[in-house]
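Fit chain H to the given chain U structure using the hints.
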Amino acid sequence: MHKTILNLAWKETLQLLRDRLLLAFMVIIPVVQLGLIAEATGAGIRNIKLAVWDQDKSAFSRDLVTALKNSGDFNLMYYAQSYDEIRALVNDGKVGAAVIIPPDFSRELARTGASATLPVIIDGTNSIVASSLLGAVESAIADLTRQFVPANAIITPIDLKIEFAFNATLNIRWSTIVTQLGFITYQLVLVVAAVGFVRERELGTLEQLAVTPISRLELLLGKGLMALGIGMLNYTLLYLAIRYGFEIPMRGNLALLMALGVLFTIAEIGVGTLLSIVTHSQQQAILMVFMLAMLEVTFSGYLVPTENMPWFMQTIANFSPLQHFSAILRAVYIKGSSLEMLWHHVIPLAALTGITVGAGWYLFNRAEW
Amino acid sequence: MTGQITATQLSKTFRKNQAVRGVSFDIAPGEIYGLIGPDGAGKTTTIRMLAGVMDPTRGTARVNGLDTTRQAEQLRAHVGYMAQKFSLYGDLSVRENIEFYADIFGVRGKARAERIARLLKFARLDQFQDRDAGVLSGGMKKKLGLACAFIHRPRVLFLDEPTNGVDPISRREFWDILSDLHIEGVTIFISTAYLDEAERCSRVGLMYRGEIIREGTPIALRQLVQGDLLAIITPDLQIAENVAQKLPGIFEVQVYGDRLHVFVDAGATRAREIEIALVAAGATIKQIRPAAPHLQEAFISLISHL
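As you go down the protein sequences, you meet chains U and H in turn.
Using the working numbering, read the first sequence as starting at 179 and increasing by one per residue.
Using the working numbering, read the second sequence as starting at 324 and increasing by one per residue.
For reference, chain U alone in the conformation it holds in the complex:
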């Protein structure tokens, strides 16, 4: 039995290596998508319009404004004179960010062992732009801080108090990129699994396999193994790119990240297999993948946080493996959450895996060859 499954997986691999389009899909899409997202969320955005309301008017506050100006990321447009003015500038979209320097800012900062609060308002309409704005403000302040604080200082003297206008729960750059780990793996695995059976049906080769000693279970496992292999290879490469290429520190347990990646991949193989069994052509299967992907991306919380959705949408979102896995990725990778803190996502994901794989197996057993 094991040999037959491997034979089938080997055949699939040979075919995959001949399928230029699918190979391109596997290699180019992840690279382009990751690159574009990184570019869009990175320091690529320059000349952000900035407003400053300097109430301190000290030498230090002037240094701070100069530092922001000289960082190259900002284009200082307005010196505001009141909070209302600042607010209006942000609300009208005239500036992308506003820095409010409190009256006693430099005095607070001068006190040893204390930190001074620096309120910053960022236009959060577009989460991707907003996260890069935040990054730019953070780095400008950090540069400035480094100039007058000893390297061994325990506390960060400037405490940025960030307020996102319009979008309270903003995905920051890191989580956006890390979420791609799930998204790209999702797309690839779903496509590979969705064409798996329907392609053989379309070509008539499934009927030929019907008269070989290969059992339906072996067929399902052989195909699944192949999709899992592709999915995990992709997942690992993407992880390496995010970890070492984009240098986003991984705070969680790598084994946990990988194990849950396997669970998620199997869930999506189940979904893809279902699509492959109920459709009659590869074209139908691909269209179904697109429809499903649109729904799942919406429900995943990538565009709008799931918590902000109406209750019925939240209920539906619970049935999306991608939604659970996106949450898991952000938690494990960025926050370093352990398995114990994630049961509320891991259990539904495992249940969904069981359901999709079980349903795929049930339908496949009843399908005509």
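Because the hints were derived from the structure by calculation, they are not lab data.
The beta-carbon is built from N, C-alpha and C at its ideal position, and this holds for glycine as well.
Be aware that a few hints might be false.
[Stated by the list, open to error] From the structure, some residues in chain U lie toward chain H, with a derived Cβ separation under 10 Å:
{"#": "1", "residue": "K189"}
{"#": "2", "residue": "E378"}
{"#": "3", "residue": "L381"}
{"#": "4", "residue": "T383"}
{"#": "5", "residue": "T390"}
{"#": "6", "residue": "I392"}
{"#": "7", "residue": "E396"}
{"#": "8", "residue": "L399"}
{"#": "9", "residue": "H458"}
{"#": "10", "residue": "E546"}
[Stated by the list, open to error] Quick list of the computed label-pair ranges, beta carbon to beta carbon:
{"#": "11", "chain 1": "U", "residue 1": "S459", "chain 2": "H", "residue 2": "Q610", "range": "50 to 56 Å"}
{"#": "12", "chain 1": "H", "residue 1": "D455", "chain 2": "U", "residue 2": "I206", "range": "22 to 28 Å"}
{"#": "13", "chain 1": "H", "residue 1": "R476", "chain 2": "U", "residue 2": "M428", "range": "53 to 59 Å"}
{"#": "14", "chain 1": "H", "residue 1": "A543", "chain 2": "U", "residue 2": "S459", "range": "41 to 47 Å"}
{"#": "15", "chain 1": "H", "residue 1": "I506", "chain 2": "U", "residue 2": "K181", "range": "31 to 37 Å"}
{"#": "16", "chain 1": "H", "residue 1": "G429", "chain 2": "U", "residue 2": "Y422", "range": "21 to 27 Å"}
{"#": "17", "chain 1": "U", "residue 1": "W547", "chain 2": "H", "residue 2": "G572", "range": "50 to 56 Å"}
Okay, now just chain H, sitting in the frame of chain U:
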């Protein structure tokens, strides 16, 4: 029943369409059994049920003593099946296709390389083994299909219209390969729309609208035709057909290219009458002679009398 392939009241219904209606047969080991009939007669469905690809709605079939429904898994080791449509992997090479089937049929070790080499030679594909299966000619695809279906040396081969759409030379080559298998003692169940191929079978079943309406050796089937057959060669086919149909003692008139085939109750006397009538109607007759009916005429004659 002791035959290699036996079917008892085999039936298949798709929704409301009864594709196969109670087909029975008993095929001895080593026979080449030809299933002939027009498109849509139920030939493919019958073969698919016998090969264990599809379960019958009613009735049973046994191949090699194994029930095709309940013992389908064991049966697979003894049966080779070739679908009507090319159903191999076009993106894999000839050799890779054969190797894949060898692997999943459990042909391993020393036997594997030896058997693959033999089959490639046997199917006359050894020069093309590295070519992608998808770019082979129609005839070569069929031969590759046969090689893959025979990789595990089954005792029974089910071939569904294997020569459909293949050029005459490749068809003959394919039948030469089948003859070799026949000599080795393999039982072959083949469906075809070509009646000249049916002549090469040891037994033929005529299938029409889901039923086997006649069965027997090609010679016996030809003799089922009523009366004698006259072949009339004439450039005035239309006139000749119209006139001949109305004459007494005529069973049936069929048109074949430049000639008319007429079934009559008594060849010798009717030939004279027909000739006179045709000439009187203004038709030129190049030749009129008695002919031996082929399966083609026999078949058309049989179904037109249903």
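Against the structure, the hints:
A least Cβ separation of about 5 Å between K189/U and chain H falls short of the 10 Å threshold, and the interface hint therefore holds. With a least beta-carbon distance of about 9 Å to chain H, the hint placing E378/U at the interface is held under the 10 Å criterion. Below 10 Å, beta-carbon pairs count as interface contacts, and L381/U has one with chain H at about 7 Å; its hint therefore holds. With 10 Å as the threshold, the beta carbon of T383/U comes within range of chain H, its nearest partner Cβ sitting at about 5 Å, so the hint holds.
Against a cut-off of 10 Å between C-beta atoms, the interface hint on T390/U holds, since the closest Cβ of chain H lies about 5 Å away. Satisfaction of the interface hint for I392/U is found here, the shortest Cβ-Cβ separation to chain H being roughly 5 Å, below the 10 Å cut-off. Taken as an interface hint, E396/U checks out: its beta carbon lies about 9 Å from the nearest beta carbon of chain H, inside 10 Å. The interface hint given for L399/U is violated, since its Cβ lies 13 Å from the closest Cβ of chain H, which is over the 10 Å cut-off.
Checking H458/U against chain H: minimum C-beta separation of about 15 Å lies over 10 Å; hint violated. Among the interface hints, the one on E546/U holds; its C-beta lies about 7 Å from the nearest C-beta in chain H, closer than the 10 Å criterion. Between S459/U and Q610/H the beta carbon distance is about 54 Å. The supplied range of 50 to 56 Å therefore holds. Checked against the given bound of 22 to 28 Å, the beta carbons of D455/H and I206/U, roughly 24 Å apart, stay inside it.
Separation of R476/H from M428/U is about 56 Å and conforms to the stated range, judged on CB atoms against 53 to 59 Å. Between A543/H and S459/U the Cβ separation comes to about 45 Å, which falls inside the hinted range of 41 to 47 Å. The hint said 31 to 37 Å for the Cβ distance between I506/H and K181/U, and at roughly 33 Å that hint holds. Under the hint 21 to 27 Å, the C-beta atoms of G429/H and Y422/U, about 45 Å apart, miss the expected range.
Judged by the Cβ atoms, the range 50 to 56 Å given for W547/U and G572/H holds: they are separated by roughly 53 Å.
The earlier numbered hints that this structure contradicts are 8, 9 and 16.
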